[in-house]
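Protein chains in written order, with UniProt numbering: chain A, 1 to 157; chain B, 1 to 157.
A few of these clues could be false.
For identical chains, the list gives no copy identity; a pair is met inside one copy or between any two copies.
Think about it this way: if two alpha-carbon atoms lie no more than 30 Å apart in a straight line, the pair counts; the simulated DSS-like pairs of lysine-lysine are [claimed, not checked]:
1. K70 x K4
2. K104 x K70
3. K7 x K37
Honestly, the hints are just simulated from the structure, not real lab data.
Predicted model only: the values in this text are computed from it and were never measured.
2 protein chains.
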Amino acid sequence: MERKERKIMVGVDESEESMFALSWCITNLIADTPNVKLVLLYVKPPPPVHSFNVAWYSSHAILAMEQHGKDLANSVMERAEAICKDFKTTNMKKERVVGCGDAKDVICSAVQKLEADTLVLGTHGYGFFKRALIGSVSDYCAKHAECTVVVVKQPCP
Amino acid sequence: MERKERKIMVGVDESEESMFALSWCITNLIADTPNVKLVLLYVKPPPPVHSFNVAWYSSHAILAMEQHGKDLANSVMERAEAICKDFKTTNMKKERVVGCGDAKDVICSAVQKLEADTLVLGTHGYGFFKRALIGSVSDYCAKHAECTVVVVKQPCP
């Protein structure tokens, strides 16, 4: 019996850790497994709040910021696609999804909306300070995302 | 070039969720991958504290409790081994490890001591109350274990 298509979502951003997580995912979860769709999810930060100081932002500046956000999303996606190509896996379907807002909420919503089976996220090392300051997105999603969650950690060099 | 042996540790206990996590692990992470060692880790709860009410426990009762703990560990391990056999994966080396103490600490220490690459843990569904009351072992380990952590969640029926 053929296995149902699995949908594996990987959160990608500008960090090395997210690219490492993508490589880990392809090596360990996908490889040459048939019927897998890889969803690359990039979350743009929400636009700056400027309810009462709107005068500070000219329309030109806002457009420039929007363009910068789009360029960043494209650049991250291109990097992710290059990693995928390196692995030369066969039959891997891919989808790009770009969201906007608070990363942890957008990721958990995307899992639900796109019915992902597995969510793969990178995290930032093991150090005490790093653990205290960052990594809260993967902590939150490991607990709240409605699917199996892989928190990929890079081994210490 | 042959890949270095991967060591995948799965936390097993009496719960259906941990057995589901083991099945998930074999299906999605191991399958017929060469050079994988599966470490089955069971953590016995610490013995009851009886510093000043030692009289309440006869030596017979203590021995009976110890025996019960051993029987439980064996029964969980046997169930886990039966699941492994069902998958008929080839070349999979296995190791049984039984620890004792606070589950989250024992698991994180075992990851470090046995140099596991990946830790796989089950968790208890998505419901709000379940999330609030239990699942703290997998939350803690996802954050603190010094390796990649997979939190396996059973899809809602």
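> Under a CA distance limit of 30 Å, which applies to K7 and K37: within one copy, between copies, both, or neither?
Replying inline: both (5 Å within a copy, 26 Å between copies)
> Within a copy, between copies, both or neither: where do K104 and K70 come within 30 Å Cα-Cα?
Replying inline: So K104 and K70 pass the 30 Å test inside one copy only (20 Å; across, 42 Å).
> At most 30 Å between C-alpha atoms: does K70 with K4 qualify within a copy, between copies, both, or neither?
Replying inline: neither (34 Å within a copy, 40 Å between copies)
Checked against the numbered hints listed earlier, the structure breaks hint 1 alone; every other hint is satisfied.
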